[in-house]
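Undergrad: What follows is the residue order along each chain.
Protein chains: 2
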Amino acid sequence: MPRTDVVKVILPESEIPTAWYNILPDLPGEPLPPLHPGTGEPVGPADLAPLFPEALIMQEVSSERWIDIPGEVIDIFKTWRPSPLYRAHRLERALGLTPGKQRIYYKWEGVSPGGSHKPNTAVPQAFFNKQAGTRKLTTETGAGQWGSSLAYACALFDLQCEVFMVKVSYEQKPGRRTLMETWGATVHASPSDRTESGRKILADHPDSTGSLGIAISEAVEIAAQSDDTHYSLGSVLNHVCTHQTIVGLEAKKQMDAFEDTPDVVVGCVGGGSNYAGLSYPYAADVLAGEANTRFLAVEPDACPTLTRGTYAYDFGDTAGMTPLMPMYTLGHDFVPAPVHAGGLRYHGDAPSLSGLVKAGLYEARAYPQVPVFEAAVMFARSEGWLPGPEPAHALKGAIDEALAARAADEERVVLFNLCGHGHFDISAYEAFLGGELEDLQLSDEDLAASLATLPPQPANA
Amino acid sequence: MPRTDVVKVILPESEIPTAWYNILPDLPGEPLPPLHPGTGEPVGPADLAPLFPEALIMQEVSSERWIDIPGEVIDIFKTWRPSPLYRAHRLERALGLTPGKQRIYYKWEGVSPGGSHKPNTAVPQAFFNKQAGTRKLTTETGAGQWGSSLAYACALFDLQCEVFMVKVSYEQKPGRRTLMETWGATVHASPSDRTESGRKILADHPDSTGSLGIAISEAVEIAAQSDDTHYSLGSVLNHVCTHQTIVGLEAKKQMDAFEDTPDVVVGCVGGGSNYAGLSYPYAADVLAGEANTRFLAVEPDACPTLTRGTYAYDFGDTAGMTPLMPMYTLGHDFVPAPVHAGGLRYHGDAPSLSGLVKAGLYEARAYPQVPVFEAAVMFARSEGWLPGPEPAHALKGAIDEALAARAADEERVVLFNLCGHGHFDISAYEAFLGGELEDLQLSDEDLAASLATLPPQPANA
Numbered sequence: 001m002p003r004t005d006v007v008k009v010i011l012p013e014s015e016i017p018t019a020w021y022n023i024l025p026d027l028p029g030e031p032l033p034p035l036h037p038g039t040g041e042p043v044g045p046a047d048l049a050p051l052f053p054e055a056l057i058m059q060e061v062s063s064e065r066w067i068d069i070p071g072e073v074i075d076i077f078k079t080w081r082p083s084p085l086y087r088a089h090r091l092e093r094a095l096g097l098t099p100g101k102q103r104i105y106y107k108w109e110g111v112s113p114g115g116s117h118k119p120n121t122a123v124p125q126a127f128f129n130k131q132a133g134t135r136k137l138t139t140e141t142g143a144g145q146w147g148s149s150l151a152y153a154c155a156l157f158d159l160q161c162e163v164f165m166v167k168v169s170y171e172q173k174p175g176r177r178t179l180m181e182t183w184g185a186t187v188h189a190s191p192s193d194r195t196e197s198g199r200k201i202l203a204d205h206p207d208s209t210g211s212l213g214i215a216i217s218e219a220v221e222i223a224a225q226s227d228d229t230h231y232s233l234g235s236v237l238n239h240v241c242t243h244q245t246i247v248g249l250e251a252k253k254q255m256d257a258f259e260d261t262p263d264v265v266v267g268c269v270g271g272g273s274n275y276a277g278l279s280y281p282y283a284a285d286v287l288a289g290e291a292n293t294r295f296l297a298v299e300p301d302a303c304p305t306l307t308r309g310t311y312a313y314d315f316g317d318t319a320g321m322t323p324l325m326p327m328y329t330l331g332h333d334f335v336p337a338p339v340h341a342g343g344l345r346y347h348g349d350a351p352s353l354s355g356l357v358k359a360g361l362y363e364a365r366a367y368p369q370v371p372v373f374e375a376a377v378m379f380a381r382s383e384g385w386l387p388g389p390e391p392a393h394a395l396k397g398a399i400d401e402a403l404a405a406r407a408a409d410e411e412r413v414v415l416f417n418l419c420g421h422g423h424f425d426i427s428a429y430e431a432f433l434g435g436e437l438e439d440l441q442l443s444d445e446d447l448a449a450s451l452a453t454l455p456p457q458p459a460n461a
Numbered sequence: 001m002p003r004t005d006v007v008k009v010i011l012p013e014s015e016i017p018t019a020w021y022n023i024l025p026d027l028p029g030e031p032l033p034p035l036h037p038g039t040g041e042p043v044g045p046a047d048l049a050p051l052f053p054e055a056l057i058m059q060e061v062s063s064e065r066w067i068d069i070p071g072e073v074i075d076i077f078k079t080w081r082p083s084p085l086y087r088a089h090r091l092e093r094a095l096g097l098t099p100g101k102q103r104i105y106y107k108w109e110g111v112s113p114g115g116s117h118k119p120n121t122a123v124p125q126a127f128f129n130k131q132a133g134t135r136k137l138t139t140e141t142g143a144g145q146w147g148s149s150l151a152y153a154c155a156l157f158d159l160q161c162e163v164f165m166v167k168v169s170y171e172q173k174p175g176r177r178t179l180m181e182t183w184g185a186t187v188h189a190s191p192s193d194r195t196e197s198g199r200k201i202l203a204d205h206p207d208s209t210g211s212l213g214i215a216i217s218e219a220v221e222i223a224a225q226s227d228d229t230h231y232s233l234g235s236v237l238n239h240v241c242t243h244q245t246i247v248g249l250e251a252k253k254q255m256d257a258f259e260d261t262p263d264v265v266v267g268c269v270g271g272g273s274n275y276a277g278l279s280y281p282y283a284a285d286v287l288a289g290e291a292n293t294r295f296l297a298v299e300p301d302a303c304p305t306l307t308r309g310t311y312a313y314d315f316g317d318t319a320g321m322t323p324l325m326p327m328y329t330l331g332h333d334f335v336p337a338p339v340h341a342g343g344l345r346y347h348g349d350a351p352s353l354s355g356l357v358k359a360g361l362y363e364a365r366a367y368p369q370v371p372v373f374e375a376a377v378m379f380a381r382s383e384g385w386l387p388g389p390e391p392a393h394a395l396k397g398a399i400d401e402a403l404a405a406r407a408a409d410e411e412r413v414v415l416f417n418l419c420g421h422g423h424f425d426i427s428a429y430e431a432f433l434g435g436e437l438e439d440l441q442l443s444d445e446d447l448a449a450s451l452a453t454l455p456p457q458p459a460n461a
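Chain order of the listed sequences is A and B. So for the first sequence, the working numbering puts the first residue at 1; every next one is plus one. So for the second sequence, the working numbering puts the first residue at 1; every next one is plus one.
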């Protein structure tokens, strides 16, 4: 029986994991390499050198299962790690779950300076860039969680930081912009007139609300222009997912301390990194035949990559400058409706996570935003924390898993990643409480039109 | 020698203190009782019964040194307590302190759901009211830290919550208002037309930006009208300061874990509760002759109660409905300039804290807001956390203590209370970074005019 006398488990600093888990060597099937956008040939380390330092490129393609975390990075992690893992006692009661039979746990990543899981990769990315002599990092950001976390990490290592922020979020969340500036970053609303990619979009669509794909194009363009400037991505890539596994590695120790084991692991998915972070250490056990955990990826109805997208090679950005990656995609020039979960407005998904969905190991589900905010307010009034709009999707998925088990009179242990707080998304709560939040759906016509712009699929795919 | 291999100390849940420290029996000199505003006679428990439940009234006047914390309250504290205590390694380096010679520590209370120390008293106040059959709590709030914390606590105990928010903060910090509403509270900008006190102020001063004194009058007026409605105060009173001592009791254990002892304990002071909370358990040792710790209370230039106010009997509110309390005051109808540290805009101070300043055990210092925000940005770029404008005053005091010791080539250990985050004060950072923040000073003329309105001092004072 699990322990019931504990609300949260916080491990001591000495229990911070000292190596990241790299899922690449354990993935089912033959690996599908990323392809060069011009030649269609598999991308090699040299192709990535203009954008990333060598250490991160080696992590991107590594076939090693474990990658050491540098001591300097662990020292900074001690600012907020290990993060707490909670038993949601009060939420369970509010939901009327069968006492002890359906149990909900959550990993709480909102305790970082950036307010989410994003510093878990921002700090090592800044560290490895600093080591390689980089002077400036460029990046994109949706809701601002990633941009502010990179701004924080750059401040620690005395790196310049230039952020392209999706315009709809730039306007909805001015607090996030100021937060980035407080940490010393320069922030542009994207599409901007600072880049060729941005100017092209603005010429065709002067009222564009922006997208992560567009912002990536702008950040990559700036980075490619200077030798001392690199690009930093907050999700999707393998080294990012690998950095985030510190979340799941801690969670496994903490669930052990609760003397309990999850039946289903839930997370929200934009590019996939927070969910990869929590779930891959659990997936490793399933892939090794040692567990039969279920996995549930949750996304917004307005950007239903896993549930309505196509598995194909596609660009990571809108302008077609990045390698072609095998993933679920809505088409690289897809511009999602301006839902408040800015971090989930990405047309693609991490290739590793896409592969696990394609292989049937991971389930996926999409929700409209109004019931997601209903769940978030219920959570705030029971557990206390104000979820970000993104993890509120994971919360909604976790609640539905527990309620389904209650309806079936089954035991079920649900673990989800509460990957960030909503303090800078408070205008979304204001809209919800004021009855002004809309459920934004993607029409079949818009989806078909977007998928029609997929690039020709390579012969070796 | 102190431990240097540790960034933060987090105690396990089992180390949450089980009793609060009540400083009343240890205060120097004869106690000066609060006086009835009508009769001028010492206030008895019966006089407070319309506003507070019996359990809190007994704590207010208790002569017991230790007061047990109910188990139900400790269970909720486990949501965020024990809070972490940090060694500010990175700030020390940014300041260029002599390595190991000047050492800065901070207690981090921004980890609570409300984002500050305020839930430490909101939760027990809601608990004792629920036990007494209260159905609704009214209160005032400045920056919104207190109002949102009481809203959170009321949500946990299914109590209604009505908050009067100082108008300048209501307008500067709409996010705080939405946060209170997310937790289910009703929020009014004060002065409001909901009360007699508010209507009177509006008639005389239609453009009033409000003050804590005015908001208290409004909240007390509503509470006094109904038997099932009580009033809840977030600072000043003895039971509030007592509840906050959980901060200092934890800090002492954590400093022991660091194998270090503070030479000076620093905090910001509005009503005094966060600083009382951190410092009283240390003051107990000084009052018992067992330590010679220094104490530094920091306040804003715009509301310099301890540094330029008068020690006298005064009302806690503007309308003169509360008991007369012996304290440093700027006059009960003082309306401070609209500095961003809304929680420090109170005309008086806790009687216990005022007494310690009067007795010479506590020092006090005032700062203008621009250098306070310079310190806050430096802290964000080194330690990572975004301080609230209020604890940024404590931070500034702590930095100056450490720099003074460096200049004198002395060893000095500084401990301060980082009592809340600034996520909902981001507009203040925007103003600072944009060069639009002003140092708002109180003129001698305005101070003299305000002090001239002090009530006649009672014969027995």
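It should be emphasised that the hints constitute simulated quantities derived from the structure, not laboratory data. Nothing here was measured: the structure is a model prediction, and the numbers come from that model. C-beta atoms are modelled at their ideal positions from N, C-alpha and C, and glycine is treated no differently. Among these hints, one or two may not hold up.
From chain B, some residues computed to sit far from chain A (all C-beta separations above 10 Å) [to be verified]:
1) P12
2) P33
3) H36
4) T79
5) E181
6) Q225
7) F258
8) L386
Calculated lysine-lysine pairs in the PhoX-like style (CA-CA distance at most 20 Å, straight line) [what the hints assert, rightly or not]:
9) B:K252 with B:K8
10) A:K78 with A:K8
11) A:K8 with A:K130
12) B:K8 with A:K78
13) A:K8 with B:K8
14) B:K136 with A:K8
15) A:K252 with A:K78
16) B:K78 with B:K200
17) B:K8 with B:K78
Incomplete in silico selection of chain B near chain A, CB under 8 Å [to be verified]:
18) V7
19) K8
20) W66
21) F157
22) T182
23) A380
24) I426
25) L433
26) G435
27) L437
Undergrad: Next, verify each hint and record whether it holds.
TA: Verification of the hints:
no. : hint              : in the structure
1   : P12               : violated (8 Å)
2   : P33               : holds (37 Å)
3   : H36               : holds (38 Å)
4   : T79               : violated (5 Å)
5   : E181              : violated (5 Å)
6   : Q225              : holds (27 Å)
7   : F258              : holds (13 Å)
8   : L386              : violated (7 Å)
9   : B:K252 with B:K8  : holds (14 Å)
10  : A:K78 with A:K8   : holds (18 Å)
11  : A:K8 with A:K130  : violated (36 Å)
12  : B:K8 with A:K78   : holds (7 Å)
13  : A:K8 with B:K8    : holds (18 Å)
14  : B:K136 with A:K8  : violated (30 Å)
15  : A:K252 with A:K78 : holds (19 Å)
16  : B:K78 with B:K200 : violated (44 Å)
17  : B:K8 with B:K78   : holds (18 Å)
18  : V7                : holds (4 Å)
19  : K8                : holds (7 Å)
20  : W66               : violated (24 Å)
21  : F157              : violated (11 Å)
22  : T182              : holds (5 Å)
23  : A380              : holds (5 Å)
24  : I426              : holds (4 Å)
25  : L433              : holds (5 Å)
26  : G435              : violated (12 Å)
27  : L437              : violated (13 Å)
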